[in-house]
Amino acid sequence: MKKIITILAGILITSLSFAQEPQNNDEIKTIFNSSSERSNGGYGALMFNYSKIAQRDALLMGAKGGWVINHSFTLGAGGYGFITEPKDDPVLNKDYEFAGGYGGLLLEPIVGAKKPVHLSFPILIGAGGIAYITDYYHGDYEYSDQTYEDSDAFFVVEPGIEIEFNMVKFMRVAITGSYRYTSNINLNYKTPLDNNSAIGSKDMLCGWNVGMAFKFGKF
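Note that the numbering used here has the sequence shown beginning at 164, numbered continuously upward.
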């Protein structure tokens, strides 16, 4: 936990120190056009990411948004839902997958926001949950019902970096990268065959995310 707090503080302080922009040019430049100065605004974004969770390919889909202050800092909230590829579990003799979500406070220093291509440094601080689940199919109609072996809650800190492209004045596209730190994950088998043994490692959720974000709003 001390390591997470130290890294978070370092990234936030460094990012904020670079977030100050010269005020002598108030024009926001975009790839396709330009628009006038806007001291405050806000945006909403859709996010699509790839990651590894418990050594499995995972898809993350999320959303975030917030208040953009003087083109240099966003204060808001965001979150993801995730699911991994299913794999056969030899203990349960069935395909199981990890699924869950997390979200919380968003702090996002922005560097060079008036330039058509610039950087931002989002930091997500919050909590979430994960479950080890499978689908059961019933009868000839093949409708499914999800059940889970175990679940757990966790604390998360996710610092990242985004390369943003000002497409038009109300839309930005970002290439994103981040690293997810979480508290220990405790998932255990509940079956008589392997009672209370761990399903995966305690750091199964720690890892890199890469993806894209599509932002819409008043920047």
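A couple of the hints might just be wrong.
To be verified - Per label pair, the in silico range of CB-to-CB distance:
#1 Lys-250 with Asn-349: 16 to 24 Å
#2 Lys-381 with Phe-211: 21 to 29 Å
#3 Asp-258 with Lys-278: 46 to 54 Å
#4 Val-280 with Ser-202: 18 to 26 Å
#5 Val-254 with Lys-278: 49 to 57 Å
#6 Lys-278 with Asp-313: 28 to 36 Å
#7 Asn-351 with Lys-215: 17 to 25 Å
#8 Lys-381 with Asn-347: 37 to 45 Å
#9 Asn-233 with Ser-364: 38 to 46 Å
None of these hints come from the bench; they were simulated from the model.
We put the CB at the ideal spot given by N, CA and C, even for glycine.
Structure-based check of all given hints:
1. The hint said 16 to 24 Å for the Cβ distance between Lys-250 and Asn-349, and at roughly 20 Å that hint holds.
2. The hint said 21 to 29 Å for the Cβ distance between Lys-381 and Phe-211, and at roughly 23 Å that hint holds.
3. For Asp-258 and Lys-278, the Cβ-Cβ distance of about 48 Å falls inside the hinted range of 46 to 54 Å, so the restraint holds.
4. The hinted range of 18 to 26 Å is satisfied by Val-280 and Ser-202, whose Cβ atoms lie roughly 22 Å apart.
5. Between Val-254 and Lys-278 the CB atoms are about 54 Å apart, so this pair conforms to the stated range of 49 to 57 Å.
6. Judged by the Cβ atoms, the range 28 to 36 Å given for Lys-278 and Asp-313 is violated: they are separated by roughly 48 Å.
7. Range check, Asn-351 to Lys-215: about 22 Å between beta-carbon atoms, so the 17 to 25 Å window is met.
8. The given range of 37 to 45 Å is respected by Lys-381 and Asn-347, whose C-beta atoms sit roughly 41 Å from each other.
9. For Asn-233 and Ser-364, the Cβ-Cβ distance of about 43 Å falls inside the hinted range of 38 to 46 Å, so the restraint holds.
Checked against the numbered hints listed earlier, the structure breaks hint 6 alone; every other hint is satisfied.
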